[in-house]
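J.: Chains A and B, in that order, give the protein sequences.
In terms of the working numbering, the first sequence is residues 1 to 131.
In terms of the working numbering, the second sequence is residues 1 to 102.
If you're looking for bench data, these hints aren't it; they were derived computationally from the structure.
Quick reminder that beta carbons are idealized off the backbone N, C-alpha and C, glycines included.
Please note that the accuracy of each hint is not assured.
[Claimed, not checked] Far from chain A, by Cβ distances over 10 Å, these chain B residues were calculated: (1) Arg10; (2) Glu11; (3) His14; (4) Leu19; (5) Cys21; (6) Ile44; (7) Glu45; (8) Asp64; (9) Phe66; (10) Leu99; (11) Pro101.
[As the list claims (entries may be wrong)] Computed from the model, here is a short list of chain A residues facing chain B with C-beta under 10 Å: (12) Pro32; (13) Gly66; (14) Asp90; (15) Ala108; (16) His110.
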Amino acid sequence: MDPKTSAHLETAARNRDIAALVAQSSSLDVQPPPFEWAVVVAFYSAVHYVNAYLWEKQRYEPPDHGARRNAVLRIAELRVADSAYANLRDLAHRARYRPRFRLPRADAEHVLRADLPLVERTVLGALNASP
Amino acid sequence: MAVKDEVTAREVGHRYAELVCDEPIAQRLWVSTRRDRTELWLVIEPSGIEPHLRFHEATASLLDSFPGAYIELHVLNPRHYTRFDVVEELPPGAQEIPLRPS
Chain A
1 MDPKTSAHLE TAARNRDIAA LVAQSSSLDV QPPPFEWAVV VAFYSAVHYV
51 NAYLWEKQRY EPPDHGARRN AVLRIAELRV ADSAYANLRD LAHRARYRPR
101 FRLPRADAEH VLRADLPLVE RTVLGALNAS P
Chain B
1 MAVKDEVTAR EVGHRYAELV CDEPIAQRLW VSTRRDRTEL WLVIEPSGIE
51 PHLRFHEATA SLLDSFPGAY IELHVLNPRH YTRFDVVEEL PPGAQEIPLR
101 PS
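Go ahead and model the full structure; you've got the sequences and the hints to work with.
T.: Here is the structure:
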């Protein structure tokens, strides 16, 4: 595996773990707790998983989020994870830019339990890599 | 291929409406264009996040009708807002597409 691919996978796993910590952040002195930021970090975990795949398989670095999402949609090995990736991107964008957006803990946990793992499994399976 | 003209964007919206009109929690749909993409804005009843995936899956199937188009869906779930005002969430010029025959 190319070193840059490995670096993407390491950062993806790191962001995944950070997202899980933020989702358990009810002890932080922020009300309501910042569960929407767990999804932002989770999205940037997914970004690095996809970047790992694209670099390893195609030596391609997508220039922006649109190009990356298009790749997920059009590459057969990744397409199974497209809806999960699109949901992560949609929620993360809203969390960053919409001032009244707040995500309940249950919804953040669902995304971390279902959507991000699907992206992770899809990429790791395609790369024959382990978590 | 980018979906640039308004007519095609509305066609995308109507096709998407056909795909999701049987989903009881789907309430209203708008379409807009930005640079090279068509954006769909779907308002749903307040609900958990599980149904969001089904709505995103439907956008993938639009590729059969509009190959090469870049289509982005925004699911607007009032449960995710401290105060939900759909007008605040829509971009200027967004056009409403009837989800179901009136």
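J.: If a hint holds in the structure, say so; if it does not, say that too.
T.: So, going through the hints one by one against the coordinates:
1. Non-interface call for B/Arg10 relative to chain A: holds, since the shortest CB-CB distance, roughly 21 Å, exceeds 10 Å.
2. Interface exclusion of B/Glu11 from chain A stands, the closest Cβ pair being 19 Å apart, more than 10 Å.
3. The beta carbon of B/His14 sits about 21 Å from the closest Cβ of chain A, which is more than 10 Å, so the claim that it is off the interface holds.
4. With 10 Å as the threshold on Cβ separation, the claim that B/Leu19 sits away from chain A holds: the shortest Cβ distance comes to roughly 13 Å.
5. Taking the minimum C-beta to C-beta distance to chain A, about 19 Å, the non-interface status of B/Cys21 holds against the 10 Å cut.
6. Interface exclusion of B/Ile44 from chain A stands, the closest Cβ pair being 12 Å apart, more than 10 Å.
7. Distance check on B/Glu45: its Cβ is at least 15 Å (rounded) from any Cβ of chain A, clearing the 10 Å threshold; non-interface status holds.
8. Look at B/Asp64: its CB is around 12 Å from the nearest CB on chain A, clear of 10 Å, so calling it non-interface holds up.
9. At the 10 Å boundary, the C-beta of B/Phe66 stays outside the reach of chain A, the nearest C-beta of that chain being 12 Å off.
10. Every CB of chain A lies more than 10 Å from the CB of B/Leu99, the least distance being 19 Å, so the non-interface label holds.
11. Here B/Pro101 stays apart from chain A, with its beta-carbon at least about 27 Å from theirs, past the 10 Å limit.
12. The beta carbon of A/Pro32 comes within 9 Å of a beta carbon in chain B, closer than 10 Å, and the hint placing it at the interface holds.
13. The interface hint given for A/Gly66 is met, as the beta carbon of that residue sits about 6 Å from the closest beta carbon of chain B, less than 10 Å.
14. Here the hint on A/Asp90 is kept, as its CB sits about 6 Å from the closest CB of chain B, short of 10 Å.
15. Taken as an interface hint, A/Ala108 checks out: its beta carbon lies about 9 Å from the nearest beta carbon of chain B, inside 10 Å.
16. Evaluation of the A/His110 hint against chain B yields a held restraint, the C-beta minimum of about 5 Å falling below 10 Å.
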